[in-house]
Amino acid sequence: MPRILLVEDEEHLAAGIRFNFELEGYEVETIGDGLRAVERLAPPAEGPVWDAAPTLDLVVLDVMLPGLDGFEIVERMRQAGNYTPVLMLTAKGLPEDVVQGLEAGADDYLPKPFDLVVLLARVRSLVRRRDWARAPAEGSSPVRIGGASVDFASFELRKGGVTARLTLLEAMLLKLLVERRGQVVTKAEILEKVWNLNPDTETRAVDNFVMRLRRHLEEDARSPRFLQTVRGVGYRLVEE
Amino acid sequence: MTDLSQLSRSRRPKWHYVAVGVGLIVVAVALTVAWQILAAPESVGSQAVGPVRAIAYFFGSLLFLLLIAGLVLIVILLLREVRLNERQSNFVSAVTHELKTPVASLKLYLDTLEYRDVAPEKRADFYRTMRQDIERLNSTINNVLNAAMYTDRPVADPRPLDLARVARHAIELTATRHQLPKEAIRYEGPVGLWVAGDPQALETAVLNLLDNAVKYSKDRVEIEVEVWGDADGQAHVKVRDHGIGMSRTHLPFIFTRFYRIGTEVRRSRTGTGLGLFIVRAVVKGHRGTITADSPGPDRGSSFTISLPGLLEPDREPEGEAARA
Chain A
0 MPRILLVEDE EHLAAGIRFN FELEGYEVET IGDGLRAVER LAPPAEGPVW DAAPTLDLVV
60 LDVMLPGLDG FEIVERMRQA GNYTPVLMLT AKGLPEDVVQ GLEAGADDYL PKPFDLVVLL
120 ARVRSLVRRR DWARAPAEGS SPVRIGGASV DFASFELRKG GVTARLTLLE AMLLKLLVER
180 RGQVVTKAEI LEKVWNLNPD TETRAVDNFV MRLRRHLEED ARSPRFLQTV RGVGYRLVEE
Chain B
0 MTDLSQLSRS RRPKWHYVAV GVGLIVVAVA LTVAWQILAA PESVGSQAVG PVRAIAYFFG
60 SLLFLLLIAG LVLIVILLLR EVRLNERQSN FVSAVTHELK TPVASLKLYL DTLEYRDVAP
120 EKRADFYRTM RQDIERLNST INNVLNAAMY TDRPVADPRP LDLARVARHA IELTATRHQL
180 PKEAIRYEGP VGLWVAGDPQ ALETAVLNLL DNAVKYSKDR VEIEVEVWGD ADGQAHVKVR
240 DHGIGMSRTH LPFIFTRFYR IGTEVRRSRT GTGLGLFIVR AVVKGHRGTI TADSPGPDRG
300 SSFTISLPGL LEPDREPEGE AARA
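Chains as they are written, first to last, in numbering that gives the first Met the number 0: chain A, 0 to 239; chain B, 0 to 323.
Chain A on its own, in the form it takes in the complex (with noise of 0.2 Å):
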């Protein structure tokens, strides 16, 4: 039965949302506050205390918070090595704050008010492509690009004895250039399949992701040899 934390410290919508998770099958952890939430899920560096508390398979995260606000409770969730999936929910529905949640970490992004059946098919969806972004690319074996090599299994990226760890987004977004290797992606395509966005959305946090993917598959991040930029329309993976 997957696992949500929901982190919300509006009592009314903490109550109705885990009434709809609770109907739907899942196990729902509450937190009403930003400071315990980090305490939840990034805790202090010695040793990984959350292997005591039960594995989550989503959080559900408030941006407005008391504590601590929701884009730095992900901040530091990442930055402890936690890539379980975030779904964000806020009342400030601006693209910039999109932006801001998408690049501090989160998965995606549902502004306030929500339709009841949207929440329960983000939920859904995130949690499936948890499990597609784990499913092998091509065979059991992990991917390699240059001299680097994705194991979409566990999220790592092998390159020179170095190991990274990617979050879910860039997992996707790797493994949806990987299964097109050769051919353009345009962003819109990107937008609409890694991000669940709208096509039209203004935003650079595809740029950020790519430069970020490079920074670990490529020799030089600023003249990549492997995923090159196709100016004005996307991005494409290329065998040497």
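Keep in mind that the hints were calculated from the coordinates and are not lab data.
Treat the hints with caution; some may be incorrect.
Stated by the list, open to error - Computed list of lysine to aspartate or glutamate pairs in EDC-like fashion (alpha-carbon distance at most 20 Å, straight line):
#, chain 1, residue 1, chain 2, residue 2
1, B, K106, A, E10
2, B, K106, A, D114
3, B, K121, A, E21
4, B, K99, A, E95
5, B, K283, B, D231
6, B, K217, A, D32
7, B, K106, A, E21
8, B, K121, A, E10
9, B, K99, A, E10
10, B, K106, A, E23
11, B, K217, A, E10
12, B, K214, A, D32
13, B, K99, A, D114
14, B, K99, A, D96
To be verified - Okay, the calculated bits of chain A under chain B, using three or more residues with CB under 8 Å as the criterion:
#, stretch
15, 16-24
16, 102-115
Unchecked claim - Between beta-carbon pairs, the in silico distance windows are:
#, chain 1, residue 1, chain 2, residue 2, range
17, A, E95, B, G308, 49 to 59 Å
18, A, R35, B, A155, 45 to 55 Å
19, B, I140, A, A120, 24 to 34 Å
20, A, R2, B, Q131, 25 to 35 Å
21, A, M0, B, A123, 25 to 35 Å
22, B, P157, A, A120, 54 to 64 Å
23, B, E80, A, R143, 52 to 62 Å
24, B, K214, A, R143, 56 to 66 Å
25, A, R35, B, R176, 22 to 32 Å
26, B, Y16, A, A187, 37 to 47 Å
27, A, G181, B, A118, 48 to 58 Å
28, B, W14, A, G159, 40 to 50 Å
Glycine included, each C-beta is placed from N, C-alpha and C at the ideal position.
Starting from the structure of chain A, add chain B where the hints point.
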């Protein structure tokens, strides 16, 4: 909401302009000092210095000082503007949150009732939640409207009113709204205390103080409301809580429009930053004063409204009590 948000984007704090201003002041001061050293008459009063040069030196220095004073003034004004913009953008953020949260909750519960088979007792629970959301929405809307309606201008049509009755009614309303036990808010004061004013406005002011007292109380709500008249012909209403209080540094600012302690993204209490602003506007409209006091964080706070023009009990107009 998009328009409001765009407003907030263009009103991002402009601290770098302030930095430029401060830099300019430093340059002007340095220039003044350098000029005074260079242009100083070698020895004032000696033969070498003519009176013309001494006068030029005097006026030169004066102009330099004027320049610096002007710059300082501009930077101060700029600083105030920047602060206001910051508060305004916080306000937009707070109102967005205050409006959207109950709407989101209402929508969620409506959706739930529509899609699910909800047991009757749970259903009653949902209805209660939804009613509270509507209450919250309504109070935010009222706050925004009141802030626009009550200005510092004198009340247009002051009528004799019973301040004690206004306070007691506000207590009743607050207790109902927040579902408080009877002993949570204690009233202390006379049966009647008459002043001239706008009863609706004064009730809003007392309600806002009480709302704050409840909101900033800790687990147990304990509020005292005191009403009294003094020998100088002033009527007072004091609302004291035993809640989270505040540090003295915040006291001078709390009546400012949009002022809220802390940043919005880490909000810990609901609100728009308009409540006390409205209280002050109402009180000023009655030519009165409002004072706040708190011994410090976690030690509660008290707010006192003082209104001039206490009416003698014998001047209590007949039939007014029934009308008030």
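(Q) Range first: 49 to 59 Å. Now tell me if the beta carbons of E95(A) and G308(B) are that far apart. (A) 52 Å, holds
Q) Does 52 to 62 Å hold as the CB distance between E80(B) and R143(A), or does it fail? A) 58 Å, holds
(Q) Between the alpha carbons of K99(B) and D114(A), is the straight-line distance 20 Å or under? (A) 13 Å, holds
Q: Examine the stretch 16-24 of chain A for residues whose CB is less than 8 Å from any CB of chain B, and state whether their number is three or more.
A: Coverage by chain B holds here, the residue count being 4 at a Cβ distance below 8 Å.
**Q.** Agreement of K217(B) and E10(A) with the hint, judged by alpha carbon distance not exceeding 20 Å
**A.** 17 Å, holds
Q: Please count how many residues of the stretch 102-115 of chain A have a CB within 8 Å of a CB from chain B and say whether that reaches 3.
A: holds (count 5)
Q) So does R35(A) sit 22 to 32 Å from R176(B), Cβ to Cβ? A) This hint holds: roughly 29 Å between Cβ atoms.
Q. Honestly, do K214(B) and R143(A) meet the 56 to 66 Å range at C-beta?
A. 59 Å, holds
Q | Hinted pair K99(B) and D96(A), Cα distance within 20 Å | A | 16 Å, holds
Q: Could you tell me whether the CB distance from W14(B) to G159(A) stays inside 40 to 50 Å?
A: With Cβ atoms ~43 Å apart, the hint holds.
Q: Mind checking the alpha carbons of K106(B) and E10(A) for me, to see if they're no more than 20 Å apart?
A: 15 Å, holds
Q.
A range of 48 to 58 Å was offered for this pair. Does it hold for the Cβ distance of G181(A) and A118(B)?
A. Holds, since G181(A) and A118(B) (Cβ atoms, about 57 Å apart) stay within the stated range.
Every hint from the earlier list agrees with this structure, and none is contradicted.
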